[in-house]
Amino acid sequence: MSTYVYGIAAGSHPALPDGMEGVGDPARPVRILREGELAAIVSDAPDGLRPKRRDLVAHQNVLAEAGAAGCVLPMRFGSVAPDDASVTGVLAERAAHYQERLRALDGKVEYNIKASHIEEAVLHHVMAEDPEIRALAEANRKAGGGTYEQKLRLGEMVAAAVKQKETGDADAVLQLLEPAGDAASVGPESTGWLVNVSYLVGRDSAEQFLAAVEQARKDLPHLELRVHGPLPPYSFVEPGPTGPADAATAGSTAGAGVGAEE
Amino acid sequence: MTVVPAQQTGSGGGSSGLYDVLELVLDRGLVIDAFVRVSLVGIEILKIDVRVVVASVDTYLRFAEACNRLDLESGPRKSPGLPDVVGQITESGARGKSKGALSGAAQTISDAFKQARDEGSPEPESKGRSRRTTTARRKDDDE
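Going line by line, the protein sequences match chains A and B. In this text, residue positions in the first sequence follow the working numbering: the first is 1370, and each later residue adds one. In this text, residue positions in the second sequence follow the working numbering: the first is 205, and each later residue adds one.
Just so you know, the hints here were simulated from the structure itself, not pulled from any lab data. Treat the numbers as computed from the prediction; the structure is a model and nothing was measured. Just to be clear, a hint being listed does not mean it is correct.
To be verified - With beta-carbon atoms standing in for the labels, derived distance ranges:
no.: 1; chain 1: A; residue 1: Gly-1439; chain 2: B; residue 2: Asp-262; range: 37 to 43 Å
no.: 2; chain 1: B; residue 1: Ser-260; chain 2: A; residue 2: Gln-1577; range: 40 to 46 Å
no.: 3; chain 1: A; residue 1: Ala-1464; chain 2: B; residue 2: Ser-243; range: 26 to 32 Å
no.: 4; chain 1: B; residue 1: Val-261; chain 2: A; residue 2: Asp-1452; range: 37 to 43 Å
no.: 5; chain 1: A; residue 1: Gly-1571; chain 2: B; residue 2: Ser-243; range: 34 to 40 Å
no.: 6; chain 1: A; residue 1: Asp-1416; chain 2: B; residue 2: Asp-262; range: 38 to 44 Å
no.: 7; chain 1: A; residue 1: Ala-1454; chain 2: B; residue 2: Ser-260; range: 51 to 57 Å
no.: 8; chain 1: B; residue 1: Asp-262; chain 2: A; residue 2: Gly-1388; range: 15 to 21 Å
no.: 9; chain 1: B; residue 1: Ser-260; chain 2: A; residue 2: Gly-1380; range: 25 to 31 Å
no.: 10; chain 1: B; residue 1: Ser-243; chain 2: A; residue 2: Gly-1513; range: 49 to 55 Å
no.: 11; chain 1: A; residue 1: Glu-1498; chain 2: B; residue 2: Ser-260; range: 22 to 28 Å
Every residue, glycine too, gets a C-beta built ideally from N, C-alpha and C.
Pulled out of the complex, with its shape left as it was, chain A reads as follows (with noise of 0.2 Å):
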C-alpha cells in the first residue's frame, strides 16, 4: 500500500491531526509516522488519486489543520511514496534539511495576493488618459458602432493599453505589499490575474500585513486584490526562491533520495 504525505513537522508539534480525514473516497484517515525529531503527516494513498476536487480540499484541509497549531512543511498535492518505511527512510535522511527549515518557518505562514483588473475602471483609465482612443471610440459610437475594421481597431488599442497597465500596476502591488512580508515569492503568471504573490508573514505581524494590503486596495482602486491565508508556507519550503520542480516532473525513480537542488 502506496502512502500519501501531507506534509513534515516537528515530532514536538502540538497537534497534529491524527485521525482526521484525508485524500480519497471514501476518505482515508491520516496517520502520523515518526523518526527521530520529524512526523510525517501521512495516509494510505487511493488507487487512481487524480487531483479531484475534494482531494485538493483534503489536502489543504489537513495541512490547515496542523498549521494552526505549529509549522508544517507542505507536500505539493499528490506525493505518494511506496510504503511508509520510504517515508520515514526519507525523514531520517535529510533530518537536517527539514529541521532548519522548520526552525526558519517557525511562527510564520504565507498570505497570497493575486490581483486583477476591475475591467470597468481600467477601461475608463484606458480612455481617459489615451486621447486617440477615446477619440475613436466616440467616433465609432457616433457611427452607431463602426465598421468591422474600426471595432477592430478600437480594440486592439485598447487590449494594448490594458496590457500595458498590467504590468504596470503588478509592480505598483509589489512595491506597496514588499514592506509588509519577511520573504517574497513571486508566483506564475496565468490568465487569471495581473500579479500573483505569496508573502511570508510572522503570525505576530499579520494584522500589519492585512493592513498593507487594505491600504494597497485603496490605493490601486482599480485592481481587485484577492487575499488567501494564513496558509502554509507552500512557497517557502525550499531555501531559495526556486524549487526542486524539474526533478519531481521527470518523475525520478528514487535513487538518491537526497535532493540536488540545493
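Position chain B against the provided structure of chain A, taking the given hints into account.
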C-alpha cells in the same frame, strides 16, 4: 474595514477560495524526488478563467463593444464594493470565480466581458503551462 473573508481555516468547508489556492497546492510546496507525484493530466481548472486580454480578434471586438457602451460620465468606479466581490468569487470554484470577478463591473459591460470569457478559448500553450514547473521568477512568455 473588514478583511477579505477568504481565509482557509482548519475546520472550514475548504472550498472557499480554493480556486486561487489551487495554484499553490498544485504548483508549490515541498517536492521529494523519492516520491512519485500523482499525474495532473486533465487538470484544467487552473485555466478556466481566460483573461480578457488575450490578443485575438474576438477580444478586440469585445473591447470595442465595451468601449461603445462605456458611460464616461459615470466616473471610474461608482461603488468600490470589493469585499462583496471577493465574497462572491469564492461561491463555487472556478465558474463562480469568473462570474464573481465580473460582478464588480457595471451591468452595461458585464455581458460583453462574460461572453468574452466564456467564448475565448484557452491558448494551446496554457495547457502545458498549467503544469509547467516554474521557478519563482516571472516569465515573459505570457504574450
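How the hints compare with the structure:
1. Gly-1439/A x Asp-262/B: 37 to 43 Å: Given range 37 to 43 Å: violated, Cβ gap about 50 Å.
2. Ser-260/B x Gln-1577/A: 40 to 46 Å: holds (42 Å)
3. Ala-1464/A x Ser-243/B: 26 to 32 Å: holds (30 Å)
4. Val-261/B x Asp-1452/A: 37 to 43 Å: violated (55 Å)
5. Gly-1571/A x Ser-243/B: 34 to 40 Å: Since the Cβ atoms of Gly-1571/A and Ser-243/B sit about 37 Å apart, the hinted range of 34 to 40 Å holds.
6. Asp-1416/A x Asp-262/B: 38 to 44 Å: holds (42 Å)
7. Ala-1454/A x Ser-260/B: 51 to 57 Å: holds (53 Å)
8. Asp-262/B x Gly-1388/A: 15 to 21 Å: violated (52 Å)
9. Ser-260/B x Gly-1380/A: 25 to 31 Å: This hint is violated: roughly 54 Å between Cβ atoms.
10. Ser-243/B x Gly-1513/A: 49 to 55 Å: Given about 53 Å between the Cβ atoms, the range holds.
11. Glu-1498/A x Ser-260/B: 22 to 28 Å: holds (24 Å)
Violated hints for the displayed structure, listed by number in ascending order: 1, 4, 8, 9.
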